[in-house]
Amino acid sequence: MLALQPPPQAPIDAPQIEYSAILPVLILLGAACIGVLVEAFVSKASRWAAQVTLSLLAILGAGLAFVLYVTDSPERGLTTLYRTIAVDRPALFLWGTLLALGLGALLLIADRTVERGGAFVAQAGIRPGTVQDRAQMASGGMQTEVFPLTLFALSGMMIFCAANDLLTMFIALEVLSLPLYLMCGLARRRRLISQESAVKYFLLGAFASAFFLYGLALLYGYAGSVKLADIANAAAGSAASDTLLFGGFGLLVVGLMFKASVGPFHAWTPDVYQGSPTPITAFMAACTKVAAFGGILRVLTVGFESTSWEWRGVLWVVAVASMVIGAVLGLTQTDIKRMLAYSSIAHAGFLLVGALALRPEGLSGTLFYLLTYGFTTLAAFGAVSLVRDSNGEATHLSQWAGLAKRSPVLAWVFAFLLLAMAGIPLTSGFIGKFVVFSAGIQDGMAPLVVIALVASAVAAFFYLRVIVLMFFSDPAPDGPTVTVPGTFTTAAITLGVLVTLVLGLVPAFALDWAGTGTFAF
Amino acid sequence: MTPTYYLLLSALLFTIGAVGVLVRRNAIVVFMCVELMLNAVNLTLVTFARINGSLDGQVMAFFVMVVAAAEVVVGLAIIMSIFRTRRTASVDDANLLKY
Amino acid sequence: MVGDVSVMAQSSGSDLGSYLPLVFLLALGAIFAGVSATLGALVGPKRYNRAKLEAYECGIEPSPQPVVGGGRVPVAYYLTAMLFILFDIEMVFLYPFAVSADALGVFGLVEIVLFIATVGFAYAYVWRRGGLDWN
Chain F
1 MLALQPPPQA
11 PIDAPQIEYS
21 AILPVLILLG
31 AACIGVLVEA
41 FVSKASRWAA
51 QVTLSLLAIL
61 GAGLAFVLYV
71 TDSPERGLTT
81 LYRTIAVDRP
91 ALFLWGTLLA
101 LGLGALLLIA
111 DRTVERGGAF
121 VAQAGIRPGT
131 VQDRAQMASG
141 GMQTEVFPLT
151 LFALSGMMIF
161 CAANDLLTMF
171 IALEVLSLPL
181 YLMCGLARRR
191 RLISQESAVK
201 YFLLGAFASA
211 FFLYGLALLY
221 GYAGSVKLAD
231 IANAAAGSAA
241 SDTLLFGGFG
251 LLVVGLMFKA
261 SVGPFHAWTP
271 DVYQGSPTPI
281 TAFMAACTKV
291 AAFGGILRVL
301 TVGFESTSWE
311 WRGVLWVVAV
321 ASMVIGAVLG
331 LTQTDIKRML
341 AYSSIAHAGF
351 LLVGALALRP
361 EGLSGTLFYL
371 LTYGFTTLAA
381 FGAVSLVRDS
391 NGEATHLSQW
401 AGLAKRSPVL
411 AWVFAFLLLA
421 MAGIPLTSGF
431 IGKFVVFSAG
441 IQDGMAPLVV
451 IALVASAVAA
461 FFYLRVIVLM
471 FFSDPAPDGP
481 TVTVPGTFTT
491 AAITLGVLVT
501 LVLGLVPAFA
511 LDWAGTGTFA
521 F
Chain D
1001 MTPTYYLLLS
1011 ALLFTIGAVG
1021 VLVRRNAIVV
1031 FMCVELMLNA
1041 VNLTLVTFAR
1051 INGSLDGQVM
1061 AFFVMVVAAA
1071 EVVVGLAIIM
1081 SIFRTRRTAS
1091 VDDANLLKY
Chain U
2001 MVGDVSVMAQ
2011 SSGSDLGSYL
2021 PLVFLLALGA
2031 IFAGVSATLG
2041 ALVGPKRYNR
2051 AKLEAYECGI
2061 EPSPQPVVGG
2071 GRVPVAYYLT
2081 AMLFILFDIE
2091 MVFLYPFAVS
2101 ADALGVFGLV
2111 EIVLFIATVG
2121 FAYAYVWRRG
2131 GLDWN
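Residue numbers (this note's numbering), protein chains in the order written: chain F, 1 to 521; chain D, 1001 to 1099; chain U, 2001 to 2135.
Rather than coming from a laboratory, the hints here were simulated on the basis of the structure.
Certain hints may be false.
Sample of chain U residues lacking proximity to chain F, with all beta carbon distances greater than 10 Å (derived) [to be verified]:
no. : residue
1   : Ala2027
2   : Phe2032
3   : Ala2041
4   : Ile2116
Derived DEER-like restraints, expressed as beta-carbon distance ranges [said to hold, decoys possible]:
no. : chain 1 : residue 1 : chain 2 : residue 2 : range
5   : U       : Leu2053   : F       : Arg116    : 50 to 56 Å
6   : F       : Ala40     : U       : Val2110   : 42 to 48 Å
7   : U       : Gly2034   : F       : Tyr82     : 56 to 62 Å
8   : F       : Ser241    : U       : Leu2020   : 46 to 52 Å
9   : F       : Gln16     : U       : Ala2041   : 42 to 48 Å
All C-beta atoms, glycine included, are put in the ideal place defined by N, C-alpha and C.
For reference, chain F alone in the conformation it holds in the complex:
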């Protein structure tokens, strides 16, 4: 009877796992799983409190584990889990950034003071425009699945920027994207455009991940492995066809650029930023950008540095396209959330300048830029969610006229954040742009940097336009009011503004931290 049994296999060694290094991610994933169980077994009335407590504890716990690990982490970094995850200095910098931004975004998501019951729909299954829909708008309930989804997305982002292997990167990409697709469609008000943004984000996102995957498959065919280091080795000395290498690289980059909402792959960004619930927009704009550029930096530096002279020209064009599209189309926007979306496309172009520099200054500059941009954006979207009229958020620019007369505090805060995005000195945005552009110059990309400077001057115009509108126009008689936020939203906005201010005045410590090490592989 035993005749058909295969010969016994040699034992397979269990991978070496550095649990202390990946503990922050494990805590977040574990808490997300517990969050799913909370949804299943806790009564509806106490779910919100349970989920908020659990999620906050998870992020704080992950932050504690992170801090404990960072204090005595090896200088050169380490790789773990069969070399699929690299916990090195850039990854740790990004993890710290993501955890802090995630905390801010979670506070915005959990807030129930700005809108009664929070920014999320009470029941996603209710059809917009029906009697039940009007009832849910007035009700205090919300779809509390948002919290575990946020934790899943955040852990996916953390794995994404530490992934040393394209397959791990792909799985992390999906773990971060799928929850975001769902959360986009959960706005309490304006359900139609919220659902529409979810469909658009989903279809385009799935399209882009198919490109990423095909690139992965071609690179697997080229190098016989999807580990970035193996691809780099194969590219350095291999007789295999360059078609596979560059075809694979191109497709891979399309997928990555889509997630980072760069240049010609930006089509989803304005629609999704406008349609999503504003706390989710803040989460996406800040955290997804950080994670996606973390991935781009690692792929370009670890995997493809040796062939950079072949592809850099193409990415120059992409960076220019992104800056021009963001700056020029941003000028024509009349909706504040769309305007911030185009601003994010322009910033993606600036970030790409740093990522293309492929030298330690470029790496540390881009990391620093991501840190500053993330906090500024988070606070900006937090501020947007406060300006409301009877229909919910008042996002049309004309409604923002004369806002300084109604709420000087909010107007000053928002003006400061816009100045930071424009890169005015004494804000973090200026330092960020300065380090990224000087890295570009050092690497001989002067023409690109000149274009970037022109683009940021153009972009500054539309930020200033909003400031002028807020301070020097007369408010409309039936204009929106500024809601006084509760603890959560106040904390998130304060966090963003403080970081923007501190990094503008004393950036040295963060710059040092960003420059302490390079990628391990």
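Chains D and U: place on chain F using the hints.
Chains D and U alone, transformed into the frame defined by chain F:
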């Protein structure tokens, strides 16, 4: 049979899927085209596993299948929710968000 | 020894004895099918209704065909189909594990139990929130 034919076939399937995403109007059909692209990737992966003589590609195909299934579920849920409101799954009718 | 036999079976193909388990399996299958069909006919209750006489006892009525765009499939079908796809495909990871269970040892077992537990969390959510109720 040389494995190259399978690579060509998968490239063809991927292209058909990509063109389908761009030209078809029904969200469900667009979505099926994306699935076609993912399955073309699976074919590429197992072919390269054969060429390279390693099993990695086949295992990766498993991961792609699972991710594709998760994507189907999320996608169908989103498309169904918008269909129930609008009684249409045409991507042309989703036009509330523009400049 | 086991290894030797299987190698021989692969190399020569003349050793028909190694196919004996297959014959056993076939015979077992035939016996099981025969016994259950006979038992069902003998001892089962016989109550007929319209649904039982249709081609398939579940799912959408196969005829008349839905008019294009007019005949709609209830949303409940989508829900069931989505849950089926999800839990069905997750199980694909059990195959590679089962093939190498010995070689993977305790670590592999722990990992697969963790994996099944994670799927179990999702199952608990679906079950508690009424995803498995038809109405």
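### Task
Run the structure past the numbered hints and jot down the numbers of the failing ones, going up.
Numbers 6, 7 and 9, in rising order.
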